[in-house]
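*Asks:* So the chains spell out like this:
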Amino acid sequence: MIKVMIAKPGLDGHDRGAKVVARALRDAGMEVIYTGIRQTPEQIVQSAVDEDVDILGISILSGAHMKLIPRILDLLKSKGSNMPVFVGGIIPKEDAEKLKALGVAEVYGPGAPTSEIAEQVKRFVEHSST
Amino acid sequence: MSNTRVREDEILEGMKSHDRRSLAKMLSLCEKAPDMANEILDKLSKKTSHVIGITGSPGVGKSTLISTILDKMNGKKIGIVVVDPSSPFTGGALLGDRVRMQSHATDKNFFIRSFANKGALGGLSPSIYEACDAFEAFGMDDVIIETVGVGQSEVDVANIADTVVVVLSPDNGDEVQMLKAGLMEIADLFVINKSDNPRSQILLSRLRAVTSGNKEVPIYLTNAVTGEGVERLLDDLDDRFFQISSNGILVQKRKKRLLHHAQSIVRREIDHLIQNLEINGRNLKEIRNQLIEELCKKDDQNN
Ligand SMILES: Nc1nc2c(ncn2[C@@H]2O[C@H](COP(=O)(O)OP(=O)(O)OP(=O)(O)O)[C@@H](O)[C@H]2O)c(=O)[nH]1
Ligand SMILES: [Mg+2]
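Heads up: the sequence lines are chains A and B, in that order.
8 is the number that the numbering used here gives to position 8 of the first sequence; each next residue is one higher, with no gaps.
179 is the number that the numbering used here gives to position 179 of the second sequence; each next residue is one higher, with no gaps.
It should be emphasised that the hints constitute simulated quantities derived from the structure, not laboratory data.
Just so we're clear, the structure is a prediction, and the values are computed from it rather than from any experiment.
Positions of the beta carbon are idealized from the N, C-alpha and C atoms, including for glycine.
Be aware that one or more of the hints could be misleading.
[Stated by the list, open to error] Here are the computed lysine-lysine pairs in the DSS-like style, where the Cα-Cα straight-line distance is at most 30 Å:
1. 25(B) x 79(A)
2. 79(A) x 76(B)
3. 79(A) x 253(B)
4. 46(B) x 79(A)
5. 79(A) x 72(B)
6. 25(B) x 100(A)
7. 285(B) x 298(B)
8. 297(B) x 108(B)
9. 79(A) x 32(B)
10. 79(A) x 43(B)
11. 122(A) x 19(A)
12. 77(A) x 77(B)
13. 77(A) x 253(B)
14. 79(A) x 285(B)
15. 47(B) x 16(B)
16. 16(B) x 122(A)
17. 32(B) x 72(B)
18. 76(B) x 77(A)
19. 77(A) x 32(B)
20. 79(A) x 47(B)
21. 122(A) x 297(B)
22. 19(A) x 32(B)
23. 77(A) x 16(B)
24. 19(A) x 100(A)
25. 25(B) x 19(A)
26. 298(B) x 108(B)
27. 19(A) x 118(B)
28. 25(B) x 122(A)
29. 79(A) x 16(B)
30. 25(B) x 77(A)
31. 108(B) x 67(A)
32. 298(B) x 19(A)
[Claimed, not checked] A partial selection of chain B residues facing chain A, derived with a Cβ cut-off under 8 Å:
33. 45
34. 47
35. 85
36. 88
37. 94
38. 98
39. 102
40. 105
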């Protein structure tokens, strides 16, 4: 059983995308913990570690991704976690490449089919060490 | 195998030193390998926390109420278990109770953990007893359990909780009717939440009418959003724990909890056996006998 957290950092309140992905992952047989909107990186990371999820999904539309996502990755590391992280949202290609270089497993644009996300999430979890 | 042994030792030591990450891993073990979890928990001393079960129909405000309770706690260490249903078809689950409590996510004194019920009846997780023990071994003052938004017959929370809080709301149709179908007997306290809704007064008088004559069950009116009424509820919860600790009721409840914990372990064994049992043309009685035989073999393996 895969346990995944879908978290929504930043100030925008649009969580339709996050909820669509959360439901798709549930329908793919996963246990999905949703954090709700406007979460700080600290809240997200502490929640993911406390829930001991297998993988963390970040949904972000606010444009602050280059600030928030590296912060989340750093906090995870500082808590001794190496859980995989994936990102969904409107993110320019070059930023997506930078985030992947920092360790993000994959970045999904608004049009990414949810079935594909679910398949890949399974694969990321299988290939991660914990 | 030796590898997992190392991790178990780490979890055991981590639990002893109140390491938060070890509690997180311990709770995962409760879900993934409950027998191993019980072995570790057996080696730990446990605090007798006040185990509070919060139950009631979907949407009455259970999660919001817990968050407001946490707002008003100062210094107490609290473990929170929130349970949501798994889909019977895919096994997946959307665990959304945490959303209402996220303002407490980084609080050092609180630890929130979401569980799917994995099809277990009773509105709880099959690992709820292990999870509750884990929080007690971690030294929590209170353990709060939010059940699945229940219908009528999900009364198992009374088997684990020292105190059962049944939450009702005036938005929820005929709640008193529902009470008659089961929740009435297990309530130690009633909360009528959403007191900002004027119909809560009607619900209050209807509830008074059906509860009068039974054992004296106190009723509280709360607004979980503003916090109105919650302080009185908290004071009385603490008073009640003091009372049941001193009048012998708590001891009785803990004995019953131990029995139900054992029952949940045996049930798990049976479920496991059933999943792997070949019928091979045998009749009902033969299958029954084989189940019991296999169950006895399990005992030998463990000792
Ligand atoms: N007006 C009002 N709304 C409330 C009150 N308490 C909770 N709510 C709202 O009721 C809705 C449901 O609240 P939850 O706390 O999620 O209810 P729940 O019982 O945990 O729901 P489930 O876990 O789905 O069974 C939310 O929109 C809350 O904001 C209250 O006292 N007054
Ligand atoms: Mg809830």
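*Asks:* All the hints need checking, so say for each whether the structure fits it.
*Replies:* Right, here's what the structure says about each hint:
1. 25(B) x 79(A): Roughly 13 Å between the alpha carbons, so the hint for residue 25(B) and residue 79(A) holds.
2. 79(A) x 76(B): The hint holds at about 24 Å.
3. 79(A) x 253(B): The given pair, whose Cα atoms are some 38 Å apart, is violated under the 30 Å limit.
4. 46(B) x 79(A): 26 Å, holds
5. 79(A) x 72(B): 28 Å, holds
6. 25(B) x 100(A): Holds, at about 28 Å.
7. 285(B) x 298(B): 20 Å, holds
8. 297(B) x 108(B): 45 Å, violated
9. 79(A) x 32(B): Since the Cα atoms of residue 79(A) and residue 32(B) sit roughly 22 Å apart, the hinted pair holds (cutoff 30 Å).
10. 79(A) x 43(B): Between residue 79(A) and residue 43(B) the Cα gap is close to 26 Å, so the pair holds against 30 Å.
11. 122(A) x 19(A): Measuring from Cα to Cα gives roughly 18 Å; hence the hint holds.
12. 77(A) x 77(B): The given pair, whose Cα atoms are some 26 Å apart, holds under the 30 Å limit.
13. 77(A) x 253(B): Distance ~43 Å between residue 77(A) and residue 253(B) Cα, so the pair is violated.
14. 79(A) x 285(B): Distance ~55 Å between residue 79(A) and residue 285(B) Cα, so the pair is violated.
15. 47(B) x 16(B): 12 Å, holds
16. 16(B) x 122(A): 34 Å, violated
17. 32(B) x 72(B): 34 Å, violated
18. 76(B) x 77(A): Holds: residue 76(B) and residue 77(A) sit about 29 Å apart, inside 30 Å.
19. 77(A) x 32(B): Holds, at about 25 Å.
20. 79(A) x 47(B): 27 Å, holds
21. 122(A) x 297(B): It is violated: about 36 Å lies between the C-alpha atoms, which goes past 30 Å.
22. 19(A) x 32(B): 27 Å, holds
23. 77(A) x 16(B): 24 Å, holds
24. 19(A) x 100(A): 23 Å, holds
25. 25(B) x 19(A): 27 Å, holds
26. 298(B) x 108(B): Violated - the C-alpha atoms of residue 108(B) and residue 298(B) are around 41 Å apart, more than 30 Å.
27. 19(A) x 118(B): 21 Å, holds
28. 25(B) x 122(A): 21 Å, holds
29. 79(A) x 16(B): 19 Å, holds
30. 25(B) x 77(A): Roughly 17 Å separates the two Cα atoms, so the pair holds.
31. 108(B) x 67(A): 25 Å, holds
32. 298(B) x 19(A): 44 Å, violated
33. 45: 23 Å, violated
34. 47: 19 Å, violated
35. 85: 11 Å, violated
36. 88: It is violated, given that the least Cβ distance between residue 88(B) and chain A is near 12 Å, above 8 Å.
37. 94: 5 Å, holds
38. 98: Hint on residue 98(B): holds, closest Cβ of chain A at ~6 Å, below 8 Å.
39. 102: Status holds, d = 6 Å.
40. 105: 4 Å, holds
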